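Be aware that the sequence shown starts at 1265, since it is given in our numbering, and climbs by one per residue.
Hint data in this document are derived by calculation from the structure and do not stem from the laboratory. Be a bit skeptical, because a hint or two may be false.
Said to hold, decoys possible - No farther apart than 20 angstroms at their CA atoms in a straight line, the calculated lysine to aspartate or glutamate pairs in the DMTMM-like style are these:
1. K1450 to E1308
2. K1450 to E1516
3. K1538 to E1559
4. K1316 to E1483
Stated by the list, open to error - FRET-style restraints, in silico, Cβ to Cβ:
5. D1271 to G1526: 19 to 29 angstroms
6. P1541 to R1412: 12 to 22 angstroms
7. T1293 to D1616: 21 to 31 angstroms
8. T1527 to D1271: 17 to 27 angstroms
9. F1630 to G1340: 46 to 56 angstroms
10. D1383 to T1527: 38 to 48 angstroms
11. T1615 to D1383: 42 to 52 angstroms
12. R1266 to G1526: 41 to 51 angstroms
13. P1371 to Y1487: 39 to 49 angstroms
14. D1409 to S1594: 21 to 31 angstroms
A quick note: this is a predicted structure, and the numbers were derived from the prediction, not measured. Each residue gets a CB set at the ideal place from its N, CA and C atoms; glycine is no exception.
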Amino acid sequence: MRVPFVDVRSQYAEVRETLDPWIQEILETGAYVLGKHNRALEEEVARRHGVKHGVAVNSGTDALRIMLDACGVGPGDEVITTAFTFVASVEVILQAGARPVFVDIEPQGFMIDPNQVEDAVTDRTKAILPVHLFGQLADVEALADIARRRGLMVLEDAAQAIDSSHHGVYAGNFGLAAGLSFYVTKNLGAAGDAGMILTNDDDVAEKARSMRVHGMGRERYYYDYVGYTSRMDEIQAAVLRAKLQRLRAWNERRGELAALYGTALEGVPVCPPKVLPGNNHTWHQYSIVTTRRDELQAFLKDRGVDSMIYYPVPLHLHSPYRHLANGPGSLPVTERISREILSLPIQPHLTDEQVLHAAAKVREFFGA
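Given the sequences, and given the hints that come with them, work out the whole structure.
In structure tokens form, the structure reads like this:
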């Protein structure tokens, strides 16, 4: 039995009745950029997350990059973050002229460990940038407390946290701003690249809206900031609006599949994913931990079960970022998890039988 990791074609099949007329209208009218679907998407995502502003941009990376600029992070600043993440979280800090300061992760949710954050604060620290990983939020309460006491900003990398919340409060409300990614494989994925900045701060929203269009203000060809070309095109906004109508049901289905995995893998010598207290987990990934990760992945591949490794090498061990840490052994939990983590298929168009088959192959590998 084939168990695929992603299935964007089935997503399209669910929304095509709504989406196709919208795309046809866009093509016929020529309203390709920053049109009605952009405005509606910004309002709909902001409303869903309970924030004042959504600013649609060209990618999740641009969302983080423009967010840093709009929040005043720049040369000479330090930003405390994690090396266990996609590279965009860190490259944007360096592009802003600031310095990423890595701390280790906690071993349950694989996210930044608040117990290590305070020791990393210096007189140059400007912000803490937690990465909400795999569909749930980092320890936002502890991080917000540190930020208040030390006079720091919290800037959320919420690329994998659309619709994720902590005690009913959604990503984007725990810091000055947050960046979302709508890359194809995300829970809410575009037909290409797209992203969004969420914020409750009027000034940050105004700056971000200007910076996404070359720093242009309300009057065309008059510039208030050094900016970027980062408009979300109208077709991507339409795709996302159509899929947003299905997102809650798709996330609920991911939750059902996570529960199936949890039951089917009982007694197997792997560490299953943990839902941290107070979190609503949207299961962007279902990631287990095992010392036999590479053998297990090869075994599953030979039996038609897809899997992925997020992330095989932590950022502080890649050549462009080695100067930011003290080499192998400097972030021991991060390094161990990178060697042992494996994500199993959990996209919402899998059947129960496919997930049970994948779990059965994991059990078979371990002789359980």
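Hints versus structure:
{"no.": "1", "hint": "K1450 to E1308", "in the structure": "18 angstroms, holds"}
{"no.": "2", "hint": "K1450 to E1516", "in the structure": "15 angstroms, holds"}
{"no.": "3", "hint": "K1538 to E1559", "in the structure": "23 angstroms, violated"}
{"no.": "4", "hint": "K1316 to E1483", "in the structure": "24 angstroms, violated"}
{"no.": "5", "hint": "D1271 to G1526: 19 to 29 angstroms", "in the structure": "22 angstroms, holds"}
{"no.": "6", "hint": "P1541 to R1412: 12 to 22 angstroms", "in the structure": "20 angstroms, holds"}
{"no.": "7", "hint": "T1293 to D1616: 21 to 31 angstroms", "in the structure": "43 angstroms, violated"}
{"no.": "8", "hint": "T1527 to D1271: 17 to 27 angstroms", "in the structure": "23 angstroms, holds"}
{"no.": "9", "hint": "F1630 to G1340: 46 to 56 angstroms", "in the structure": "51 angstroms, holds"}
{"no.": "10", "hint": "D1383 to T1527: 38 to 48 angstroms", "in the structure": "40 angstroms, holds"}
{"no.": "11", "hint": "T1615 to D1383: 42 to 52 angstroms", "in the structure": "48 angstroms, holds"}
{"no.": "12", "hint": "R1266 to G1526: 41 to 51 angstroms", "in the structure": "23 angstroms, violated"}
{"no.": "13", "hint": "P1371 to Y1487: 39 to 49 angstroms", "in the structure": "47 angstroms, holds"}
{"no.": "14", "hint": "D1409 to S1594: 21 to 31 angstroms", "in the structure": "26 angstroms, holds"}
The structure does not agree with the numbered hints 3, 4, 7, 12 stated previously, though it agrees with the rest.
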